[in-house]
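*Asks:* This is what each chain is made of:
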Amino acid sequence: MLASPEKSIRKFIETCEYDAQEMNDLALRLFHWQVRHNPDYAAITAGRRPGGIEEVPAVPTGLFRDLTLTCFPPERAAQVFRTSGTTTGRPGIHRMLNSAIYDLSATTWYRRCLPRAPGRHLSLIPSASSSPGSSLSHMVACLAPCATHAVSSHGRPDASLAWNYLRQVREPVTIFATALGLHHLLSHSPAGGLVLPTGSLLMITGGFKGRSLDLEPQELISRAFGLLGDGIRWVGEYGMTELSSQLWSRPLTLQEYGEQPTESEIYRIPPWLHVMATDPGTGAPLPPGHEGQLRFIDLANLHSVLAIETSDLGTLLDQHRLHLRGRLPGARCRGCSLDVEEALGH
Amino acid sequence: MATENPHRTAGIRLDAVLRALDRLLRHPDPAAISDGLSPPMARRCLSLAVGLIDRPGLERVLDLPGIPPRDVVVVAARGVFTAPLEWVAMLCALGSRVLVKAPAASPEFCAAMVDCFQAEGIPVSLTMSRQLPPVDAVLAMGSDSSMKAIASQHHQARLSLHGHRFSLVVIREQTMAVAEAIADDTTLYDGRGCYTPVAVVLLGSRREAEAMADKLAAALNRAGRLWPLGRMDPLLGPERRRRIGLARVRGRALLGRDWAVLSTPIRYMEPAALPRVLGVHAIAGLEQLEDELAPWARQLAACATDLSDPARLLEMGFERICRPGHLQRPPFGRNHGLREPLRPLMGFPSLELEGP
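Sequences listed follow chains W and X, in order.
Heads up: the first sequence at position 175 corresponds to 175 in this note's numbering, and the numbers run straight through without jumps.
Heads up: the second sequence at position 350 corresponds to 350 in this note's numbering, and the numbers run straight through without jumps.
Hints were generated in silico from the structure; no laboratory data involved.
Bear in mind that the values here come from a model prediction, so they are computed numbers and not experimental data.
A portion of the hints provided could be inaccurate.
[Stated by the list, open to error] If we take Cβ atoms under 8 Å as the criterion, some of the chain X residues that face chain W in the derived model are:
{"id": "1", "residue": "R241"}
{"id": "2", "residue": "I266"}
{"id": "3", "residue": "Y268"}
[To be verified] Between beta-carbon pairs, the in silico distance windows are:
{"id": "4", "chain 1": "X", "residue 1": "P133", "chain 2": "W", "residue 2": "G155", "range": "44 to 54 Å"}
{"id": "5", "chain 1": "W", "residue 1": "E6", "chain 2": "X", "residue 2": "G256", "range": "36 to 46 Å"}
{"id": "6", "chain 1": "W", "residue 1": "H188", "chain 2": "X", "residue 2": "R130", "range": "29 to 39 Å"}
{"id": "7", "chain 1": "X", "residue 1": "G256", "chain 2": "W", "residue 2": "P288", "range": "28 to 38 Å"}
{"id": "8", "chain 1": "W", "residue 1": "T282", "chain 2": "X", "residue 2": "D306", "range": "56 to 66 Å"}
{"id": "9", "chain 1": "W", "residue 1": "G119", "chain 2": "X", "residue 2": "Q131", "range": "55 to 65 Å"}
Backbone N, C-alpha and C define an ideal beta-carbon position, used for all residues, glycine too.
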């Protein structure tokens, strides 16, 4: 009987030190354990046996819409995360036996990347209790269990509530928001905005490119500094429903952002997450420095699937840093229809 | 003053169009203008496209009622590289001045086609600019969003716009001959057009569908040796891997070097083709197919079938019903999207000169 590598993975995450050999060994152990216990994943691998971490067969995120992908009977899932499903009408579902490893991964890397994050929290993201299927809400609950949520009953950011809260803070505050939520907040700012206490942290997630609203990050970041004061720092978070780990950018002051704006697109990779940029056509890994489709080996995806093929695009700078480039351009739909940048400017 | 005989003029135009087509057929390197097809496939597709256009077909175009547009734009999209050819030939036969908007990423075929028509003195020109001049009419095929964009920018022109559609095979027989014919439909143009079948729907059991999948795999394997796959858009890779993964779990995936036959329940059917990827689905009866296709009723293009009575398929919304092996050989001058594509471009003035 193949033993679960859970204890070893837990210890590896707690240690929080990069060790390529151990990462490789744990990934292969977890792969073999998952193939034994996850029939969907076993079928997808079609008997392939990886010789190293880069050969671990990955599951496209789109398959979370159609398959169960668990190492346990799905009805025993204590934590279920769902994607919005806005693109296809069917949400992707990531089922977890429990959230223990997710929570450990989220809190460990957050504390390592943002040790000076203020302990006072405002969230423009719905609470985990009001949005139990949202992995983002769950993450915020892990990182800031006592956060004040400025969110309407419809789940949209409540700008009025948020500005009232921010007006009253006298100590640095951490703000959690999606790019869209921040856009909403800034669009409803009081005249001239306000000046948040120095050291306040603005955490943004949700990306900018190819999403429901194509927001220009430079414009949004500049507006945030303009309306919340130049004593704040900006930090980006990258995660997704199908992953149990997150990546964080380096917190940037206004001056740092002004000097190196692309730094806001570079994310730090936790030691238990292996990232590859791959050729989207073949799925083959590309050398560091090449832009490609992103694939993750996430040891914290303990009871689902460790290897995930995303629809995101990025460049691996080294095994610790990822330059996120946005979404993979939409593949041309075959039919009479085809690529129509052609159609007159669109 | 002598007046030109319009019929004679039309005859001269038809001769010129046919000579232009012949010139195009003799292109020294069809692969270079095919947007990435392999040389044998490019040569075959060009021959097929030109071969479908004949003098009787062009003469039928002349019988269309109404006044042809003086100036017309044909917006060509990527994919089936020869797609604009039949429309340009028909419009030239009608005597229109044609501006071909070539896809910026692959303008080679349009450029070669325009050269051949110009060499015969036919008023056809090429543009790659997205800013089109004011014209009487626009004929375009592309994604639904593109068609909306064109409609809003050219609302004063007469429009014939054709959005995304897809084709299917619906069969009862499971013979090797049918499999070979379907493989040919799948292989032609590397699966880039709306007449590429996205799936084979078999009226029968799952076991029968799997037996047919085996035959299709063998046929695609043979076709692939004769007509090698050309360049595949790398952005299709992720969707290809997703479909293969799904089939491995929910059905069966048969894979070759450049083809895939994916058997799954019909609820997993995807309404968009991938190069040489064929879904196979078993259904109990046509009622089930009708239910599954209901969300896409307005996107159905052609159906190749061995059923003797196509009435039910026509009710589902297919615009063409043909036999397997004929999907990619639509008759010249056919309807498109259940419409005559040129009729919306014609002018129909109201003549009110009778009486006192």
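*Asks:* All hints are to be evaluated individually against the structure, with a verdict given for each.
*Replies:* Hints, verified against the model:
{"no.": "1", "hint": "R241", "in the structure": "holds (6 Å)"}
{"no.": "2", "hint": "I266", "in the structure": "violated (14 Å)"}
{"no.": "3", "hint": "Y268", "in the structure": "holds (7 Å)"}
{"no.": "4", "hint": "X:P133 / W:G155: 44 to 54 Å", "in the structure": "holds (48 Å)"}
{"no.": "5", "hint": "W:E6 / X:G256: 36 to 46 Å", "in the structure": "holds (40 Å)"}
{"no.": "6", "hint": "W:H188 / X:R130: 29 to 39 Å", "in the structure": "holds (36 Å)"}
{"no.": "7", "hint": "X:G256 / W:P288: 28 to 38 Å", "in the structure": "holds (33 Å)"}
{"no.": "8", "hint": "W:T282 / X:D306: 56 to 66 Å", "in the structure": "violated (37 Å)"}
{"no.": "9", "hint": "W:G119 / X:Q131: 55 to 65 Å", "in the structure": "holds (56 Å)"}
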